[in-house]
Amino acid sequence: MSSTLEKPQIIAHIQKSLNYTVFDSRWIPCSAKFVCMGNFARGTGVIQIYEIQQGELQLVKEIEKAKPIKCGTFGATSLQQRHLATGDFDGSLNVWNLEMPECPVYSVKAHKEIINSIDGVGGLGIGDGAPEIVTGSRDGTVKVWDSRQKDTPVVNMEPMEGETKRDCWTVAFGHAFNDQDRCVCAGYDNGDIKLFDLRNMSLRWETNIRNGVCSVEFDRKDINMNKLVATSLEGKFHVFDMRTQHPTNGFASVSEKAHKSTVWQVRHLPQNRDVFMTAGGAGNLHLWKYEYPAQRTKKDADNVDMGVAGSVNLLQNVTLSTQPISSLDWSPDKQGLCVCSSFDQSVRVLIVTKLNTV
Amino acid sequence: MPLIVRDHTWTQNQNTVYISVPLKGVKTANVHVICTDEYLKVSFPPFLFEIFLFGPINEEKSEARIGNGVAVFTLQKRTDELWEQLFTNIDKDKQKHIREQAILKVQEKEAEKSKAKATRIQQEKKYALETMMKLENEERDRIQKMKDEECAKATAQLDFWRETQRKAAEENENQQKLQRTGTNNNQLVYQKTERANATPAVTLLHNTGNTTSGQISRKQKPKDLPAPRSAGCIKISFTPRVFPTALRESHVPEEEEWLKKQAEARRAVDTDLAELSDLKEEERNPDWLKEKGDKLFMAGNYLAAVNAYNLAIKLNRKIPALFSNRAACHLKLRNLHKAIEDSSQALELLTPAVAANAPARLKAHVRRGTAFCELELYVEGLQDYQAALDIDPHNVALQADTDKIREIIQGTT
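Just so you know, the protein sequences line up as chains A and B, in that order. The first sequence begins at 1 in our numbering and counts up one residue at a time. The second sequence begins at 359 in our numbering and counts up one residue at a time.
Next up, chain A with everything else stripped away, as it sits in the complex (with noise of 0.2 Å):
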């Protein structure tokens, strides 16, 4: 028994129902707020700010705007200004001023269709380099924003003419551990995932696993990449070892089936980098640790280096709902605190204890 109650427990701490449809929840950095960022039945969009009191949520504002939100994201913004970029379900890319959130402080008509994922580097103190946002969107293109050039991507990730398009399901921010290097990994419905060097504007590596990525992560984003996740439909995860590149083979992973259903998000501690989150289509949640291997790279038969995969092990998991938990979310600023929403209409605030210790 006490051996059970040495793993980490996530237990829910505050559940709200809210009356609209919401995609996805953010913390705001350096505070006990969180956005929920959704659509309303009227087909409008919302944006509302809750703020944890005594276990209960206090919603401390509400947005209302023309276009139901999709995502969100802090990454690129400043640790005192707290700009929220968003991407709707027209394809506009907006930043906004929670305070003022009447007009946006950037705004462009990224895509044509709706936005599916945005990510943020730069910001936050966190490592160096301008601040970038990068959004995928259903018309198969991923673009590269800087909020000081308007109008147009600083970089622009498209298929070549002639070729159809897969819609682009999420992107994630990596390698940014100096102001010149970044890294963008995107994930496609078919199941390509392509990691583009934007130092060498190039595709650096590219890999296809079968079914949908819904969801790319790398453990850290300001670091030499080290490791990432992707999660596809039917269950799977895979976890790739990002510090060795083979010539052919790539990069080496590991994955592992769980859920029984999509795998719709993944999310690493911000506070310790092997330790990562897997919400999946059954709403529920998995905590997984990722050991290393005993030797991170080999050499092959031409004697050239090649990474190895560890293992990944299930810490705890729980139930949450029955719908999908479309996101999740953990705070940067308390270990263990996390945010997260799902199709039911409902954002729950979870409490993961021991994470020190695992």
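Be aware that one or more of the hints could be misleading.
Derived SDA-like pairs (lysine to any residue); straight-line CA-CA distance at most 25 Å [unchecked claim]:
#1 B:419 to B:444
#2 B:535 to A:78
#3 B:525 to A:59
#4 B:593 to A:78
Label-pair restraints from in silico Cβ distances [to be verified]:
#5 A:249 to B:499: 46 to 56 Å
#6 B:524 to A:7: 31 to 41 Å
#7 A:293 to B:515: 30 to 40 Å
Simulated from the structure, these hints should not be mistaken for lab results. Computed from a predicted model, the values in this text were never measured in an experiment. C-beta atoms are modelled at their ideal positions from N, C-alpha and C, and glycine is treated no differently.
Given the coordinates of chain A, work out where chain B should sit on it, guided by the hints.
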């Protein structure tokens, strides 16, 4: 017949009768006693001892001790009186009656005993179950308590953290207010440090509070971010697959079938030597003939195109495009029935219906539909146009034509 035992001995006092019956070497386990208030029977095969007692006894209080080759009965009398003799002389009927009663009584007693035993077992089981449940509940409660403690601890930590956050935020605000009023001072101070390379007095002023000094320095220092990246474009291609649909969307078995059919069609070449002997080498290739036919069609020479397609079909009956194109030629030649036949043939060859042969099917449906309409079989024509619209719902011309046909049908009925 059992042997009747008569060499028993008995004594009595005021309230008890003692009877001693020798067991004559029979084992104690084989001794069976039936005793009622007026009757005592001891049967130890092959011996039998029975007496009808002189007076009533209290059967419950009486006891029998069987062992050491003798059975000793201690019978408690109901009435305290001395008996003249041990047994009474009663007639056979009464004896029989008493015997039967005795047996009945014994049976009843046994039944009662077994019932009592059953209830006792039941109760014990229930008790065991209850204690088990209690233990399990306790265990569960203990675990729940531990979990709740964890939860409470975590929420307490959360509240504490939030409080500290709030306090920090308030402090920040206050410092900011101070800072706003004294910005000039600080600017001068900062410039001094720039020039004089941080004299101690000045640095003290900066270290009024960690966050505040950080803020101040950040506000004053110019933002030295790198310039926006020069625009770049990376072209990508997606994983090739014969059918460009993702695994989850594909109708893999049907697609495999279609591929196989295509491959077979390529291979099937009926060669009929007699007719082909006077053909040139290239004219034996169905693809070449199809191209020839297409060119003749474009040029307007429909009869020649039909001939080309005929030859190609003779060589290879499995290529749907040949039938479809021949249908187009017949349409132009107003051989409407032939057009219908050919496009039907083409559609048959174009099963199973997959994304790859959609354009071909679309064309075949349109051609057949047109032929039907020319023959004034509008309903069949509408069916074909509807099928074509299913394949390509966004085709404006197709929609217009379908609507027209519908109007004609509605006009004539």
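Hint by hint, here is what the structure shows:
Note on residue 419 of chain B and residue 444 of chain B: the hinted pairing holds, with a Cα-Cα distance of about 18 Å set against a maximum of 25 Å. Between the alpha carbons of residue 535 of chain B and residue 78 of chain A the distance comes to roughly 20 Å, so the proposed pair stays at or under 25 Å and holds. As the CA atoms of residue 525 of chain B and residue 59 of chain A are separated by approximately 20 Å, the hinted pair is consistent with the 25 Å bound. Distance check on the hinted pair: residue 593 of chain B and residue 78 of chain A sit about 31 Å apart at the alpha-carbon level, beyond 25 Å; violated.
Restraint check, residue 249 of chain A to residue 499 of chain B: a C-beta distance of roughly 55 Å satisfies the suggested window 46 to 56 Å. At about 32 Å, the CB distance of residue 524 of chain B to residue 7 of chain A agrees with the hint of 31 to 41 Å. The supplied range of 30 to 40 Å is met by residue 293 of chain A and residue 515 of chain B, whose beta-carbon atoms lie about 35 Å from each other.
Hint 4 from the earlier list is the only one contradicted by this structure; the remaining hints agree with it.
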